[in-house]
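Residue numbers (our numbering), protein chains in the order written: chain F, 844 to 1134; chain S, 90 to 413; chain U, 12 to 334.
If you are wondering where the hints come from, they were derived from the structure by calculation, not from laboratory data.
This one's a predicted model, so the numbers in the text were calculated from it and none came from an experiment.
Using N, Cα and C, we set each Cβ at its ideal position, and we do this for glycine too.
Don't take each hint at face value.
To be verified - In silico negatives: residues of chain U with every beta carbon more than 12 Å from chain S:
#: 1; residue: Thr27
#: 2; residue: Ser29
#: 3; residue: Ser71
#: 4; residue: Asp83
#: 5; residue: Glu92
#: 6; residue: Lys97
#: 7; residue: Lys101
#: 8; residue: Asn112
#: 9; residue: Asn115
#: 10; residue: Lys118
#: 11; residue: Ala122
#: 12; residue: Glu126
#: 13; residue: Arg137
#: 14; residue: Ser160
#: 15; residue: Gly283
To be verified - Here are the simulated distance ranges between beta carbons:
#: 16; chain 1: S; residue 1: Phe93; chain 2: F; residue 2: Thr964; range: 37 to 43 Å
#: 17; chain 1: U; residue 1: Ser91; chain 2: F; residue 2: Ile872; range: 42 to 48 Å
#: 18; chain 1: U; residue 1: Glu164; chain 2: F; residue 2: Ile963; range: 43 to 49 Å
#: 19; chain 1: F; residue 1: Arg1036; chain 2: S; residue 2: Pro152; range: 41 to 47 Å
#: 20; chain 1: F; residue 1: Arg967; chain 2: S; residue 2: Ile187; range: 45 to 51 Å
#: 21; chain 1: F; residue 1: Thr964; chain 2: S; residue 2: Arg144; range: 33 to 39 Å
#: 22; chain 1: U; residue 1: Glu149; chain 2: S; residue 2: Phe93; range: 32 to 38 Å
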Amino acid sequence: MNATAVPASRPPNLWVQVWEIPLGRAGIILLGIVLVLSLVGPVVFPFNPKDITSTAADILQPPSSMHWLGTDELGRDVFRETLVGARLSLLVGLLATAISITLGSIIGLLAGYYRGAVGITLMRVTDFFLVLPLLPLIIILAAIFGQSFSITIMVIGLTSWPSTARIVRSQVISLRERQFIERIRSLGATDLRVIAVHILPNVLPLIYANTVLVIAGSILSEATLAFLGLGDPVRVSWGTMLHFGFVAGAAGRGAWWYLLPPGLGIVLVVLGFTLAGHTLDQLLNPRLREF
Amino acid sequence: MLRFGLVLKKAVQVIITLFAVITFNFLLFRVLPGDPIRLIARAGNLSPEAISRLRDLFGLDKPLVTQYFYYLRNLFTGEFGMSYTYRRPVIDILQERIANTVILLAAATVIVVLIGVAAGVIAAARRGSKTDQSLVVTSLVFWSLPTFWTGLILVILLGVYVKAFPVSGITTPGASFDSSFARLLDLGKHLVLPTITLAIVDMGQFMLITRSTLVDVLTEDYILTGKAKGLPFRRVLWGHAVPNALLPIITTTALYVSLVIGGAIQVETVFSWPGMGRLMYDAVLRRDYPILEASFLFLAATVILANFLSDIMYMVIDPRVKEA
Amino acid sequence: MSTLLDIQDLAINFKTRSGDVHAVDGVSFQLEAGKVLGIAGESGCGKTTTALSIPRLLPSNARLVRGHILFDGVDLMQFSEGEIEKIRWKQISMVFQGAMNALNPVKTIGAQIIEPIVWHEPAIARGDANQRVLELLERVGIPAARARSYPHEFSGGMRQRVMIAMALACRPKLIISDEPVTALDVMIQAQILNLLKDLQKQMNLAMIFISHDLSVIAESCDEIAIMYAGKLVERGSIRKVFSQPAHPYTQALIRSFPNIYGKQELIHGIPGYPPNLIHPPTGCRFHERCDRCIDICAQSEPVLREVGEGQIAACHRIGETLP
Chain F
844 MNATAVPASR
854 PPNLWVQVWE
864 IPLGRAGIIL
874 LGIVLVLSLV
884 GPVVFPFNPK
894 DITSTAADIL
904 QPPSSMHWLG
914 TDELGRDVFR
924 ETLVGARLSL
934 LVGLLATAIS
944 ITLGSIIGLL
954 AGYYRGAVGI
964 TLMRVTDFFL
974 VLPLLPLIII
984 LAAIFGQSFS
994 ITIMVIGLTS
1004 WPSTARIVRS
1014 QVISLRERQF
1024 IERIRSLGAT
1034 DLRVIAVHIL
1044 PNVLPLIYAN
1054 TVLVIAGSIL
1064 SEATLAFLGL
1074 GDPVRVSWGT
1084 MLHFGFVAGA
1094 AGRGAWWYLL
1104 PPGLGIVLVV
1114 LGFTLAGHTL
1124 DQLLNPRLRE
1134 F
Chain S
90 MLRFGLVLKK
100 AVQVIITLFA
110 VITFNFLLFR
120 VLPGDPIRLI
130 ARAGNLSPEA
140 ISRLRDLFGL
150 DKPLVTQYFY
160 YLRNLFTGEF
170 GMSYTYRRPV
180 IDILQERIAN
190 TVILLAAATV
200 IVVLIGVAAG
210 VIAAARRGSK
220 TDQSLVVTSL
230 VFWSLPTFWT
240 GLILVILLGV
250 YVKAFPVSGI
260 TTPGASFDSS
270 FARLLDLGKH
280 LVLPTITLAI
290 VDMGQFMLIT
300 RSTLVDVLTE
310 DYILTGKAKG
320 LPFRRVLWGH
330 AVPNALLPII
340 TTTALYVSLV
350 IGGAIQVETV
360 FSWPGMGRLM
370 YDAVLRRDYP
380 ILEASFLFLA
390 ATVILANFLS
400 DIMYMVIDPR
410 VKEA
Chain U
12 MSTLLDIQDL
22 AINFKTRSGD
32 VHAVDGVSFQ
42 LEAGKVLGIA
52 GESGCGKTTT
62 ALSIPRLLPS
72 NARLVRGHIL
82 FDGVDLMQFS
92 EGEIEKIRWK
102 QISMVFQGAM
112 NALNPVKTIG
122 AQIIEPIVWH
132 EPAIARGDAN
142 QRVLELLERV
152 GIPAARARSY
162 PHEFSGGMRQ
172 RVMIAMALAC
182 RPKLIISDEP
192 VTALDVMIQA
202 QILNLLKDLQ
212 KQMNLAMIFI
222 SHDLSVIAES
232 CDEIAIMYAG
242 KLVERGSIRK
252 VFSQPAHPYT
262 QALIRSFPNI
272 YGKQELIHGI
282 PGYPPNLIHP
292 PTGCRFHERC
302 DRCIDICAQS
312 EPVLREVGEG
322 QIAACHRIGE
332 TLP
C-alpha cells in the first residue's frame, strides 16, 4: 500500500500487549493456574511418597471420596501426587531453559558479531548440533551420565541451545550492518562494549520470545525422558508418574485416572507457554504481524 | 540440469558432518570414566574369551587415537559390537528392526504431510477467519501434546474401552493367516493407533509452517499479477502461491524427520512396536550401550541424509538454484 | 472518439489500526479509446490506488466510499467477483513496476503468458495459444526460443518486455502501466517507452500510465492528470499543462525535474512532506507546502475549474497573474 505509512510505536510492556491478544491471554491464564496450583496445592494437600499400602484393594483404584483422582500402583493418592509433580516439571523446564538460552544467546551473539574464523566455527558447531536428532541424543546422554535431577537439567539445557543461537545470530548480523553500530565501532568502542551495550538490548526481545518457547520444549523433553525411565527415580515429576503408570500397565487396565492428570498437567503448561510464546513471536516479528 | 559443482559441495559437507557425528559418538562412549569395556559389553555377562575378543576388535588396550582408527575400520565393515542383552551382533538386530520403523514412519508421514499442508493452505487462504483461527489453535494444542501420553490415552480410549484396534505389537500373536492379504490387514490394524498418535502430534507444526510460509508468499507481487489476469482466487492459490511455498515446506520436511524419529521412539515404546525406537527403549532400561551407540549413529546419519536429500530436491524444484 | 473509461467522483479509504486512510478522494477523469493518460504525483498521492481500483484489485482493507467506474458504459463497481474476473486482463490488463516480483519465479515466462489466454479463451486450440505466445514475444523483441526460460534468467529490461507481452496476451482495450520503467537504467527506460508507444499506436490501445517521473509521462502520454494527497489537482493535455501549469503543485513538480524541452536547469525539490491522510488538512490539501498560500486556502477546499481549453485545475489563486 502506498498510502501514508503509520509509524510503529512500541508500548513499554510486552506482557500487556500479549494479554490484549486472546491467544496470549489464554496462555497467561493457563500458566497462572498451573503456577498457583503447584505452589499452593502441595501445602494444602501434602503428599507423602512413602505412604505406600501393601493391600491390593488400594492399588490402582478409581476415583473415590477418599482419593479424588484414584490411586497409583503403590496405592498413593494421584491428586496429591500430581500437584507435587508440577513443581519438579516446572523447575526442570525453567532451569534447563536458563542454560539453553544463556548458551544459545552467547554463541549466537559471538557467531553473528565475529565474521571471521570464530563466527564460522561457531556456526558450524551450531549447525552440527541442530542436525542431530534431539530425542535420541538426550536419551544416550542421560543413559551414559546417569539419572538425577541435575543431569536431566544439564542434558536438556546443553542440547536445546542451537535454535536460539541461530535466531540470535541472524538478528545480530542484520544489526551489525546498521550504520549506528558501524559508527560506534569506528569511535573505538571495544567489541565487548558494542555487543553488551548496543547489540544485546536490540536482540533481547527476540531472546525473550524464544525463551518462552524453549521452556515449553524443555518441559516436554523432561517428561519424555522421565517417561522413558531416564528421570530421577526418587523424585516425583509428571514424567516419572507416567513412566511408573506405563510400566505398571495402567493403560492396559484402563486406569485413566492415573494417566490423565499428569499428562493434562504437561499439556496445559506446555500449551500455556506455547500460546504466550506464539503471541510474543507475532508481536515481535514484523513479518508475522497479522495486520 | 543440476549443477554438478553445487551437489558435490553439498555432498562434501554431508561427509564432513557424518565424520563429525562418528567422532562425537566415539568420544561420547570412550572418554567416559571407568572401563570402556563396560560400555561395549557389560563385563560379567560375557565369557572372558568374548571380552578379550572385543578388546582386540576395538583396540581397547591401545591409545585413544589408535582406538579411533579401529573404530572407523569396524564401522565400515559393519561391526558394531555385541549386544549384551541379545548376545548377538548389534548390526543383525538393527537390520531386523529398521523395516518396522520405516513402515510406521512412512504411514505417519503421508498423513502428516497431506493433512498438515492442506490445513495450512486453507488457513492461509482464509487468513483471519474463524476457520483460520480454529486451525491455528488446534495446531498449537496438538503441538503441546506429549507423543507418548497421546499414545497412552488412545490406548485407553480406542484399545481398552472401545476395543477398536489392537494396542500392542505388529501382528496378532499366534495368529496364522490364510492369505497375504489377511496378513496385511492384520498389520494395518496394528498400524492404526501408532500412526494416528504420530500424525496428531506432528501435524500441527506442519500446518503452522505451511500457513506462515503461504501467508508470506501471498503478499508477493506475482500474486497480484495472477489476480489481475482474472484468475479466481483458488487458481492463484494453487497455481502460483503453493508452488512457491513448497520450497520452504521441503526444508521443513527434512527437519520433521528429526522430529518424527523422536516421536517414533515414544510411539514404539507405548505400542510395543518392534522397531528401532522400542529397541532403544529396551536398551535404555537394560543399559545395553552397544545398541544405544549404534542406534544413535544410525538415526543421526538418517537425519543428515534426509537434509541432504531435501537440499537436492530444493535444487531440482527451484529454477533459480541451477543457474546461481 | 468514444469514451472508454469514465471515472466519476471516486473515493477510497483504507482501514488501518490507526484509523481510515483517505487515499483517494473525489477523483474524476475520462479516457477515450486509443488515448494515453498519464497520472503523476509523489508516492502516496493515491495514483496506484486509483489505478488498481479500476479492475477492482485493491487489498481487502480498501473500501469504496463513493463513485463510479464506467468501462464501456457499464459500472465495474456493480459487477460480481465472477463478472469482474472476466473483464480482468481480457479487457483491462496491467503492466506492473519492477517485473522481477510481478513474474512468478518458479514458472517459465511462456507458461505465464499463455495462462490468461487459455483461461479467458477456453475454446482456443493449444497450438494456436502457443503460436500467439511466440508472436507476442517477437513483438516485444524477445527471441521465441526463450519462452522456456525463467524470470531470473532475464535482465530487468527484458523482464519488463515479458510483462508487456503478457499484458497484450488477450488483446485488451485498456492497459494500466504502473511505474513501468522505474528502477531501469535510462537507456533501457527509453527502449521500453518506445516499445510501449509503438505497440499502443499499432494496436490502438487505451493506456493509463502511472509515474512519479514527469519526463516519462511527457514522452508517452496525450493527457496528464496530477494528483496530490488523494485529490486530482490538475488535468489537461500534455502540451498545455507543461507549457502553462495552473496549479502551484504542478508548477513545483515541473520545477523539480530537469527541463525536458529546453535547457538543463537546477532541480528544485518541493519543501515539506505530503500530509497525513488519516486526518487530511482542511482547505486545500497542498496549502501547508504551497508558496502562494493565502488565508482562504486553509479554510475552504478549491474546486476544479476550467483554466484553458481542456485544462482544469483546483486552486483559489487561478486567474491571478502568475509571477
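message = Output the indices of the hints that this structure fails to meet, ascending.
response = The structure breaks hints 3, 5, 6, 7, 8, 9, 10, 11, 12, 14, 16, 18, 20; every other hint is satisfied.
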